[in-house]
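Asker: Chains as they are written, first to last, in my numbering: chain A, 1 to 346; chain B, 1 to 144.
These aren't lab readings, by the way, just hints derived from the structure by calculation. Honestly, I wouldn't trust all of these hints.
[What the hints assert, rightly or not] Derived pair list, reagent style BS3-like, types lysine-lysine, alpha-carbon separation capped at 27 Å:
1) Lys206(A) / Lys16(B)
2) Lys122(B) / Lys206(A)
3) Lys206(A) / Lys23(B)
4) Lys155(A) / Lys6(B)
5) Lys260(A) / Lys52(B)
6) Lys52(B) / Lys153(A)
7) Lys257(A) / Lys31(B)
8) Lys52(B) / Lys206(A)
9) Lys209(A) / Lys13(B)
10) Lys209(A) / Lys52(B)
11) Lys6(B) / Lys206(A)
12) Lys31(B) / Lys209(A)
13) Lys209(A) / Lys9(B)
14) Lys74(B) / Lys174(A)
[Unchecked claim] These stretches of chain B come out as covered by chain A in the derived footprint (C-beta under 8 Å, 3 or more residues):
15) 45-57
16) 90-98
17) 112-125
The beta carbon of each residue, even a glycine, is placed where N, CA and C say it ideally should be.
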Amino acid sequence: MEKDKLYILAFESSCDETSVAVLQDDKVISNVILSQEYHTAFGGVVPEIASREHLRKIVEMTDASLKKANIEMKDIDLVAATSEPGLIGAILIGLSFAKSLAATLNKPFIPVNHIQAHLYSAFINDTQPEFPFIALIVSGGHTLLILVEDFFKHKILGTTIDDAVGEAFDKVAKMMGLGYPGGPLIDKYAKDGDINFHEFPISVIKNSKYNFSFSGIKTSVLYYLRDSNFQANRNDKLISDISASFQHAAIKTLYSKVRKAAKEFKVKDIAISGGVSANSYLNQMFKTLEKDRYRIHIPELIYTTDNAAMIGITAYYKYLASKDKDYFSKESLSVKARPRLDFTNF
Amino acid sequence: MIFRSKSTKDTMKFAKEFAEKLKPGCVLGLKGNLGTGKTQFVKGICEHFDVKEVVNSPTFILVNEYEGTYGEAKKFRIYHFDLYRLNSAAELGVIGFDEYINKNSLVLIEWPELAEEYLNRKVDTVRFDYGAGDDERVIEVVTE
Numbered sequence: 001m002e003k004d005k006l007y008i009l010a011f012e013s014s015c016d017e018t019s020v021a022v023l024q025d026d027k028v029i030s031n032v033i034l035s036q037e038y039h040t041a042f043g044g045v046v047p048e049i050a051s052r053e054h055l056r057k058i059v060e061m062t063d064a065s066l067k068k069a070n071i072e073m074k075d076i077d078l079v080a081a082t083s084e085p086g087l088i089g090a091i092l093i094g095l096s097f098a099k100s101l102a103a104t105l106n107k108p109f110i111p112v113n114h115i116q117a118h119l120y121s122a123f124i125n126d127t128q129p130e131f132p133f134i135a136l137i138v139s140g141g142h143t144l145l146i147l148v149e150d151f152f153k154h155k156i157l158g159t160t161i162d163d164a165v166g167e168a169f170d171k172v173a174k175m176m177g178l179g180y181p182g183g184p185l186i187d188k189y190a191k192d193g194d195i196n197f198h199e200f201p202i203s204v205i206k207n208s209k210y211n212f213s214f215s216g217i218k219t220s221v222l223y224y225l226r227d228s229n230f231q232a233n234r235n236d237k238l239i240s241d242i243s244a245s246f247q248h249a250a251i252k253t254l255y256s257k258v259r260k261a262a263k264e265f266k267v268k269d270i271a272i273s274g275g276v277s278a279n280s281y282l283n284q285m286f287k288t289l290e291k292d293r294y295r296i297h298i299p300e301l302i303y304t305t306d307n308a309a310m311i312g313i314t315a316y317y318k319y320l321a322s323k324d325k326d327y328f329s330k331e332s333l334s335v336k337a338r339p340r341l342d343f344t345n346f
Numbered sequence: 001m002i003f004r005s006k007s008t009k010d011t012m013k014f015a016k017e018f019a020e021k022l023k024p025g026c027v028l029g030l031k032g033n034l035g036t037g038k039t040q041f042v043k044g045i046c047e048h049f050d051v052k053e054v055v056n057s058p059t060f061i062l063v064n065e066y067e068g069t070y071g072e073a074k075k076f077r078i079y080h081f082d083l084y085r086l087n088s089a090a091e092l093g094v095i096g097f098d099e100y101i102n103k104n105s106l107v108l109i110e111w112p113e114l115a116e117e118y119l120n121r122k123v124d125t126v127r128f129d130y131g132a133g134d135d136e137r138v139i140e141v142v143t144e
């Protein structure tokens with residue numbers, strides 16, 4: 001045991017996944033995820049089963065995570081959990097469990113904002129971004145463009161004003177009858193498609209250069225499918241062409257705004273996280289920025305979708321950055337009314 | 001009551017007028033297909049209540065939370081649900097749905113069918129449908 005290092009036990013349960021991780025400082029040594037993705041005809045995840053499973057499995061998962069890390073509960077120095085934003089029913093499972101554990105072990109408890117954790121997931125890589133950098137968080141629930149000036153010094157430059165980009169991917173996939181999850185299927189079909197097959201328009205947003213809008217493109221795909229009699233003509237080539245054209249338009253808008261922000265704020269590092277960061281076309285397009293000497297940081301897929309390792313690494317930096325470490329020692333015993341959903345404390 | 005909207009701007013304007021009838025404690029359902037203007041309508045309602053946050057789709061995270069102002073200065077919570085991806089009414093119990101419904105909050109629900117089943121009552125509903133032209137929408141208010 002290296003006792004000058006901090007061992008962190010971290011929990012994530014804000015929405016569909018429950019995950020427990022162990023870190024040694026900022027290095028992940030185990031990251032166990034219980035995913036509740038059901039491939040239903042309806043398309044989606046089943047929170048009821050998810051929450052019940054999470055409640056039932058959390059002790060088992062904690063044991064598994066410690067075992068994988070080859071340490072014991074008594075070696076843990078810090079306990080962390082997602083405290084916001086998220087669904088009340090789901091978040092309380094991980095949060096209450098983690099707080100009780102911290103109180104029992106008499107160790108500091110670090111509450112972590114889930115969105116911040118996505119942002120700091122870029123630090124799990126061996127090559128970490130240098131401040132200041134631009135962060136893009138792209139998932140089914142979020143589309144955020146953030147200027148990160150230093151640890152816990154962030155400025156949200158833009159967000160979606162309607163649908164998240166991952167949501168647009170899933171809805172377009174559903175309209176074409178591709179099944180769930182839609183994002184990876186669009187990505188797969190698009191590989192054989194023509195990006196110039198049809199121009200799907202991206203809405204221009206007045207008075208805001210960094211906000212995003214994906215509702216308009218979703219509706220324009222819907223009209224295109226209706227007017228071109230898609231159902232009658234449905235075949236793989238057509239699905240591929242529509243997927244490629246849609247994907248090009250959606251990813252291009254992310255790319256353009258990130259590039260514009262990187263130029264304006266004179267940053268060289270760009271970190272992309274959230275489920276959509278696994279999209280191959282996104283990777284391809286952003287990699288072209290490397291010839292302009294930008295450094296692109298994309299975490300491995302396992303750290304980019306919801307996971308506890310990103311909660312742990314955020315807790316580590318939060319603890320290091322805090323001046324009042326006693327605050328966290330009392331935190332396990334504090335009772336807050338309810339986890340909030342907005343970005344008040346971001 | 002039926003309103004024919006010619007544009008998203010029109011839908012916003014109608015939503016702002018409609019919001020005058022709403023107050024903390026109300027539960028409102030919003031029914032209609034993808035892209036018929038449900039989220040746009042919520043934006044209009046939120047604008048009426050002077051919400052400062054960006055109002056966007058809660059499809060994946062199931063619920064968004066905003067702070068509104070009622071009357072002169074009374075602050076209250078607006079919960080914007082989208083139950084599109086849920087499969088059964090029982091799931092609402094697990095996500096803590098009861099916690100959100102109270103006399104100090106305005107609850108707006110896209111795809112409200114499961115909420116009605118869970119609450120065992122119909123809620124006042126606004127229905128959205130496509131109109132004749134691409135930008136046109138037919139909006140119908142159904143009061144229970």
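Asker: Each hint should be assessed against the structure and marked as holding or not.
Answerer: A quick look at each hint next to the structure:
| no. | hint | verdict |
| --- | --- | --- |
| 1 | Lys206(A) / Lys16(B) | holds (20 Å) |
| 2 | Lys122(B) / Lys206(A) | violated (38 Å) |
| 3 | Lys206(A) / Lys23(B) | violated (30 Å) |
| 4 | Lys155(A) / Lys6(B) | violated (37 Å) |
| 5 | Lys260(A) / Lys52(B) | holds (26 Å) |
| 6 | Lys52(B) / Lys153(A) | holds (22 Å) |
| 7 | Lys257(A) / Lys31(B) | violated (33 Å) |
| 8 | Lys52(B) / Lys206(A) | holds (17 Å) |
| 9 | Lys209(A) / Lys13(B) | holds (24 Å) |
| 10 | Lys209(A) / Lys52(B) | holds (18 Å) |
| 11 | Lys6(B) / Lys206(A) | holds (20 Å) |
| 12 | Lys31(B) / Lys209(A) | violated (32 Å) |
| 13 | Lys209(A) / Lys9(B) | holds (20 Å) |
| 14 | Lys74(B) / Lys174(A) | violated (42 Å) |
| 15 | 45-57 | holds (count 5) |
| 16 | 90-98 | holds (count 6) |
| 17 | 112-125 | violated (count 0) |
The structure is inconsistent with the numbered hints 2, 3, 4, 7, 12, 14, 17, although it conforms to all the rest.
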